[in-house]
Amino acid sequence: MYPDNFLYTKEHEWVLVEGDTGTIGITDHAQQSLGDIVYVDLPKVGVHVELGKSLGSVESVKAVSDIYAPLSGEVTEINKLLADAPEKLNQDPHGAAWLVKIHLSAPAEAHDLMSAAEYVAYIGAEK
Amino acid sequence: MSAAPALKTTPLNSIHRALGARMVDFGGWDMPVQYTGIIDEHHAVRRAVGVFDVSHMGEIEIHGPEAARLADFVTTNAVHKLKIGQAHYSGLLYQHGGFVDDILVHKVAEDHYFLCVNASNQEKDFEHIRSLNRFDARVDFAGPRYAQLAVQGPKARDTMQKLTPVALAAIRYYWFTDGEVCGAPARIARTGYTGEDGFEIYAAPAHAARIWNEVMSAGAEFGIKPCGLGARNTLRLEAGMALYGHEIDASISPLEAGLAWIVKFDKGEFVGREALLRQKEKGVTRKLAGFEMLGRGIGRDGYEVLVNGSPAGWVTSGSPSPTLNRNIGFCYLPAELARPGIATQIMIRNQPVDAVTVETPFYKRAK
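Protein chains in written order, with our numbering: chain A, 1 to 127; chain B, 1 to 367.
These are computed hints drawn from the structure, not numbers from a lab. Take the hints with a grain of salt, since some may be wrong.
[To be verified] Chain B regions said to be covered by chain A (calculated; three or more residues, Cβ under 8 Å): (1) 27-38; (2) 293-306.
[As the list claims (entries may be wrong)] Distance ranges between label pairs, derived from CB positions: (3) A/H48 with B/R47: 45 to 51 Å; (4) A/A96 with B/A343: 35 to 41 Å; (5) B/R47 with A/G95: 27 to 33 Å; (6) B/S14 with A/V120: 22 to 28 Å; (7) B/G295 with A/V120: 46 to 52 Å; (8) B/S251 with A/D4: 50 to 56 Å; (9) A/D4 with B/Y173: 35 to 41 Å; (10) A/H48 with B/E304: 26 to 32 Å; (11) A/P107 with B/A335: 58 to 64 Å; (12) A/H48 with B/W261: 53 to 59 Å; (13) A/D4 with B/G183: 50 to 56 Å; (14) B/R47 with A/P3: 33 to 39 Å.
[Unchecked claim] Here are some of the chain B residues that sit facing chain A, going by a computed Cβ distance under 8 Å: (15) R22; (16) G230; (17) S317; (18) S319; (19) P320.
For glycine and all other residues, C-beta sits at the position ideal for the given N, C-alpha and C.
Using the sequences and the accompanying hints, generate a full structural model.
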């Protein structure tokens, strides 16, 4: 369920680090808790996002939630699919419905993130 | 660790968990907010049938020779006009005209009235009514004696008719019959909080799980879905129905909330009457209005509403409407602006987004 090559945050984002690029999304656990997603607001390409700061928001039928940057960097690409098909985030949060790609400015920050096993234990304990 | 008191549970708690519902703390109750998804559940009720566990709702019973007089004194609608087997929507008000709660009053017998009240208000309501009881009447806190299921949607009657000998077609809207459901004694009311046809079933908690399971089986051929509080909210909002704590509360009067129709001034003395009369004579300064978003976004509870660029009111409820495919809501506005067609802006995360006031209800079923 939770890919081993992703790193995870306590706020339920994931990041896939490949070289100096980070692909960011929200976890399956997050999409389940949010329920039917109706809007996804993402930053513009070129914006600098900072670890732990809001990079955008996801809105479900019930409520709106911030997405926090799992790592710092400059946005290089946003997933255009989500503007017209926000429900993809409910269907494929770890795949087609990634949110943004960033050029990492401080790759060492990744040491503080959780592995898949740690994240699974974390959401298990949260229940 | 948390020192919060344990959440109250309904007799169906383990069923919700077994169905994989997402549970939330709803006013101190551990309740399902959704099973498969709010939109899915919402459509099931509009198109076929859905079942809700609303056992958290409170019940208060008034018995005695002057039961009607007490009920008329503490509520805004005309209790003395109810026939046996009839129910109506009503307000329980403070002296100053604000809501203690909004309730359903059922006339069971000349000397017996059955009130269905909001879950998180039930203790407050009971104390309120008891404190005003200067009549030959007895007020009972009956919440723990009843489980309640709401079976709602165009296929609700076909579903429920399999489970009861009572001729459901003969129960008119806002009437009820005491009979049997799945062999258990039950009060079957043709009421609901969704804008669809349907029934609210009151039965002893011991029978709740069996009735739930049989309702699910009986509705299977229609595609029945268990529905949570999320869909209950989107359905009632489309139907233009108020939710306590949002459209109404202790600071809001029925005249402001667009509920003048539940206030019967000519019935004689009742709690809140003087305040409402003064308000009626002077005219209310603010009123509830429906709105629809024009720009991208959802105006949610508590968001500020601007008219001509100036703060004018606040949103009480807002949500995507799955039936209309638009973003809708209610807000309070100065009375002169609380009419359809007024251009407004709603402050969504510090950005003004265009909206317009519209007629309510947002959705009305075809009769």
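Okay, the hints, checked on the actual structure:
1. 27-38: With 4 residues close enough to chain A, the hint holds.
2. 293-306: As far as the region 293-306 of chain B goes, the hint holds, because 4 residues have Cβ atoms under 8 Å from chain A.
3. A/H48 with B/R47: 45 to 51 Å: 47 Å Cβ-Cβ, so the 45 to 51 Å window holds.
4. A/A96 with B/A343: 35 to 41 Å: The hint (35 to 41 Å, Cβ to Cβ) holds, given that A/A96 and B/A343 are roughly 39 Å apart.
5. B/R47 with A/G95: 27 to 33 Å: holds, 31 Å
6. B/S14 with A/V120: 22 to 28 Å: holds, 25 Å
7. B/G295 with A/V120: 46 to 52 Å: 40 Å Cβ-Cβ, so the 46 to 52 Å window is violated.
8. B/S251 with A/D4: 50 to 56 Å: With Cβ atoms ~54 Å apart, the hint holds.
9. A/D4 with B/Y173: 35 to 41 Å: Because 57 Å falls outside the window, the suggested range is violated.
10. A/H48 with B/E304: 26 to 32 Å: Holds - the Cβ-Cβ distance for A/H48 and B/E304, about 30 Å, lies within 26 to 32 Å.
11. A/P107 with B/A335: 58 to 64 Å: Between A/P107 and B/A335, where Cβ atoms are some 59 Å apart, the hint holds.
12. A/H48 with B/W261: 53 to 59 Å: holds, 56 Å
13. A/D4 with B/G183: 50 to 56 Å: 54 Å Cβ-Cβ, so the 50 to 56 Å window holds.
14. B/R47 with A/P3: 33 to 39 Å: Once the Cβ atoms are compared, 37 Å apart, the range 33 to 39 Å for A/P3 and B/R47 holds.
15. R22: holds, 7 Å
16. G230: holds, 6 Å
17. S317: B/S317 check fails; min Cβ-Cβ to chain A is 12 Å, beyond 8 Å.
18. S319: holds, 6 Å
19. P320: holds, 5 Å
In this structure, the earlier hints numbered 7, 9 and 17 are contradicted, and the remaining ones agree with it.
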